[in-house]
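From first to last, the protein sequence lines are chains B and E.
Using our numbering, the first residue of the first sequence is number 1, and each one after it goes up by one.
Using our numbering, the first residue of the second sequence is number 1, and each one after it goes up by one.
Wrong hints could be hidden among the right ones.
Sample of chain E residues at the chain B side, in silico, Cβ under 10 Å [stated by the list, open to error]: (1) Ala-172; (2) Val-207; (3) Leu-215; (4) Met-313; (5) Leu-409; (6) Phe-410.
Calculated from the structure, these hints are not laboratory results.
Using N, Cα and C, we set each Cβ at its ideal position, and we do this for glycine too.
2 protein chains.
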Amino acid sequence: MPEFFHVLPPRQALQILLDRLCPLGEAEQTPTVQALGRVTAAAIMAREDLPAFPRSTVDGYSLRAADTFGATEGLPAYFAVRGEVPMGQAAQISVSHDEAALAHTGGVLAHGADAVVMLEHTHQANATTLEVARPVAPGENVVQPGEDVRTGEEVLPAGHCLRAQDLGGLMALGITEVSVARRPRVAILSLGDEIVPPEVQPGPGQVRDINSYTLAAQVQQAGGIPLLLGIAADNFDQQLQAARQGLAQADMLIISAGSSVSVRDVTAQVIENLGAPGVLVHGLALRPGKPAIVGLAGGKPVLGLPGNPVSAMIVFSLLARPLIYHLCGCRCPPEPPSVLARLSQNIPSAAGREDYAPVLLKRDNGRQIAHPVFGKSSLIFTLMRADGLVMVPLDRGGLYSGEEVTVQLFQP
Amino acid sequence: MPEFFHVLPPRQALQILLDRLCPLGEAEQTPTVQALGRVTAAAIMAREDLPAFPRSTVDGYSLRAADTFGATEGLPAYFAVRGEVPMGQAAQISVSHDEAALAHTGGVLAHGADAVVMLEHTHQANATTLEVARPVAPGENVVQPGEDVRTGEEVLPAGHCLRAQDLGGLMALGITEVSVARRPRVAILSLGDEIVPPEVQPGPGQVRDINSYTLAAQVQQAGGIPLLLGIAADNFDQQLQAARQGLAQADMLIISAGSSVSVRDVTAQVIENLGAPGVLVHGLALRPGKPAIVGLAGGKPVLGLPGNPVSAMIVFSLLARPLIYHLCGCRCPPEPPSVLARLSQNIPSAAGREDYAPVLLKRDNGRQIAHPVFGKSSLIFTLMRADGLVMVPLDRGGLYSGEEVTVQLFQP
Numbered sequence: 001m002p003e004f005f006h007v008l009p010p011r012q013a014l015q016i017l018l019d020r021l022c023p024l025g026e027a028e029q030t031p032t033v034q035a036l037g038r039v040t041a042a043a044i045m046a047r048e049d050l051p052a053f054p055r056s057t058v059d060g061y062s063l064r065a066a067d068t069f070g071a072t073e074g075l076p077a078y079f080a081v082r083g084e085v086p087m088g089q090a091a092q093i094s095v096s097h098d099e100a101a102l103a104h105t106g107g108v109l110a111h112g113a114d115a116v117v118m119l120e121h122t123h124q125a126n127a128t129t130l131e132v133a134r135p136v137a138p139g140e141n142v143v144q145p146g147e148d149v150r151t152g153e154e155v156l157p158a159g160h161c162l163r164a165q166d167l168g169g170l171m172a173l174g175i176t177e178v179s180v181a182r183r184p185r186v187a188i189l190s191l192g193d194e195i196v197p198p199e200v201q202p203g204p205g206q207v208r209d210i211n212s213y214t215l216a217a218q219v220q221q222a223g224g225i226p227l228l229l230g231i232a233a234d235n236f237d238q239q240l241q242a243a244r245q246g247l248a249q250a251d252m253l254i255i256s257a258g259s260s261v262s263v264r265d266v267t268a269q270v271i272e273n274l275g276a277p278g279v280l281v282h283g284l285a286l287r288p289g290k291p292a293i294v295g296l297a298g299g300k301p302v303l304g305l306p307g308n309p310v311s312a313m314i315v316f317s318l319l320a321r322p323l324i325y326h327l328c329g330c331r332c333p334p335e336p337p338s339v340l341a342r343l344s345q346n347i348p349s350a351a352g353r354e355d356y357a358p359v360l361l362k363r364d365n366g367r368q369i370a371h372p373v374f375g376k377s378s379l380i381f382t383l384m385r386a387d388g389l390v391m392v393p394l395d396r397g398g399l400y401s402g403e404e405v406t407v408q409l410f411q412p
Numbered sequence: 001m002p003e004f005f006h007v008l009p010p011r012q013a014l015q016i017l018l019d020r021l022c023p024l025g026e027a028e029q030t031p032t033v034q035a036l037g038r039v040t041a042a043a044i045m046a047r048e049d050l051p052a053f054p055r056s057t058v059d060g061y062s063l064r065a066a067d068t069f070g071a072t073e074g075l076p077a078y079f080a081v082r083g084e085v086p087m088g089q090a091a092q093i094s095v096s097h098d099e100a101a102l103a104h105t106g107g108v109l110a111h112g113a114d115a116v117v118m119l120e121h122t123h124q125a126n127a128t129t130l131e132v133a134r135p136v137a138p139g140e141n142v143v144q145p146g147e148d149v150r151t152g153e154e155v156l157p158a159g160h161c162l163r164a165q166d167l168g169g170l171m172a173l174g175i176t177e178v179s180v181a182r183r184p185r186v187a188i189l190s191l192g193d194e195i196v197p198p199e200v201q202p203g204p205g206q207v208r209d210i211n212s213y214t215l216a217a218q219v220q221q222a223g224g225i226p227l228l229l230g231i232a233a234d235n236f237d238q239q240l241q242a243a244r245q246g247l248a249q250a251d252m253l254i255i256s257a258g259s260s261v262s263v264r265d266v267t268a269q270v271i272e273n274l275g276a277p278g279v280l281v282h283g284l285a286l287r288p289g290k291p292a293i294v295g296l297a298g299g300k301p302v303l304g305l306p307g308n309p310v311s312a313m314i315v316f317s318l319l320a321r322p323l324i325y326h327l328c329g330c331r332c333p334p335e336p337p338s339v340l341a342r343l344s345q346n347i348p349s350a351a352g353r354e355d356y357a358p359v360l361l362k363r364d365n366g367r368q369i370a371h372p373v374f375g376k377s378s379l380i381f382t383l384m385r386a387d388g389l390v391m392v393p394l395d396r397g398g399l400y401s402g403e404e405v406t407v408q409l410f411q412p
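The shape of chain B in the complex, shown without the other chains:
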């Protein structure tokens, strides 16, 4: 059983797995109203033009643009008002030379009209006569049929994560059901003789399970369905059995293992025994999170995450999150939120690895200041007291107080 304790930058480790991993490729039909955050399984085409008719973008009068040419405040053009085109109705009236019809924002133009002059630029001289004080160009203040989208046009590509406006646009086209990628099921297994479920009062030397729950929440945020497998003791056979069962019912397996060397070795062995090719990367150029394991078994990704909660969360965001999106067929996971801030203190690091430091944000004279929350990486409350993470790049030995940095914000 080869063990490549070959420490790789997280992005490179991810790429090794992505290169060998196919999206699930399973679609399901979902009502569009429930499809927020889902990933499109296929490109979606427009089945009709939008708008379907020439719409006015202002309140005013529809008319022939040519009849307004040369109109000024001093020498207005005069039009006979032929009536009104009410909202939500086809135009029942036509305008010809020097005629106009009242138009509402979003309403239809009168037949024969090719532009709308804004109400503000008109003056009703009497019941049937309108003065227009300014010329309009043909098409002015009008949305033409198909100007928003044309029949046959690709409205959304495959692998697109649906946002609020996408649901609106689909509804506008009458697309009330949409084919989306099935949500990946992500099994989560916590390992360790010392771990007990949260509802249990820990005995001496025991601690409650944290990672099953932080990771489950992160799976949810990435659009996956978490399957909690519970806790397995530090015993190879028991762990392998739990991992096998978990992987069989899921599309991806995350093992949160202890961080001691012996325990890590067992996790690697478990992953090796789940199926070929097994462990692909053992160890990341990352702190915290160095002991992470990246594997692939029977076409399904398997991650071994360090047991300490802070490391586990960071490795999840660097590896598991993009993997879940990849399984859905989404190549560009939505950007996690971030803000720029100035560091209040140096953050020491070492060249050759990525460091992630939790920071607390405070405003000072309208400027965002990032205060590093120093704490041992095993302490979950370090992260609870922080608003986000600052990354020290591989090629930097640290960051300086006063430097402007990007803070990746934790999302609720």
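Dock chain E against chain B, hints included.
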């Protein structure tokens, strides 16, 4: 019926409403595993110390730090190995002067030990004798009881939006149920003679309802529960009745009205008739979104949003989103995601109003470039083709090509 067509900056309009609006103040118990994104109804205190025992943060040997003082590679300190403290168990062994016990990452220290020396800095001379090549300070490589959190300490404040790590921290303390603010119910009413439901084939001059669905998705993203009231025609009595019924079953009402002047006036009248004080602000120094109405009726916020989908979404994010968080008792809504980018083109605006321009992001030589997507504000597909919005501040007449701008990203 006074109508203050007093155009205000969006932030100021929001503040006028916030100053008069109480949070709902209704709590409900929720299993912690289901509480992601919910807002805490009260501060949460730790009921125990974490960790509960001195934990090693490394693999190594627990011992008395004083016995290592002066140890070097050339002149190591020698220790008698008294055995191992296994994971998940209380220490059954003690160490005294020049004695050590094997310790695992996350495990308990032997009785009498006050520090852990890392495995890498030791050498097992024989079965029972350990060489230590480096001194450790008392407390080194140890998390002390209560170092993560102490009994009675406030773990989370009231009004906090729960993140993945918060769920983990609560579980670590055995807090498997949490008191959270009830989700606000937000009723959404679409107005307009021209609007038909998405499943209907629009007749001449008709368009399908978009805003009910984009706004419902935005309500969901802000942690509220959308209640779709459907569509009411351009008729005062019908609109007032639908708005009254909606407001009665909800904590907030959003009316998406047409954008023509007459329709806007009717919406303002409807809001005035829902209850005192009625319309607070009519018109924002904002484009698109100027015709928005901010009201309060019987202690519940009522917003009149412009009918065009782009304006409606922008006004929602500026006004409705913070209102929903406020109703939950959360004063600092989570920061929406943003990135810095350079503008590829000028964005014209006018001083005295905030302008929001949709942009498409493209990478060019590793730099993010924001390309404005120009389009009439009534076109939902303008937003579908964009990745985010760039704001032109009130005091600027526009933004220049090449300028660095913050792009507020659309969230899935």
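Okay, the hints, checked on the actual structure:
1. Ala-172: 5 Å, holds
2. Val-207: Holds - the Cβ of E/Val-207 comes within 10 Å of chain B, reaching about 7 Å at its closest.
3. Leu-215: Holds, because the Cβ-Cβ distance from E/Leu-215 to chain B comes to roughly 8 Å (cut-off 10 Å).
4. Met-313: This hint holds: E/Met-313 lies near chain B, its Cβ roughly 6 Å from the closest one there, short of 10 Å.
5. Leu-409: 6 Å, holds
6. Phe-410: 5 Å, holds
In this structure, every one of the numbered hints holds.
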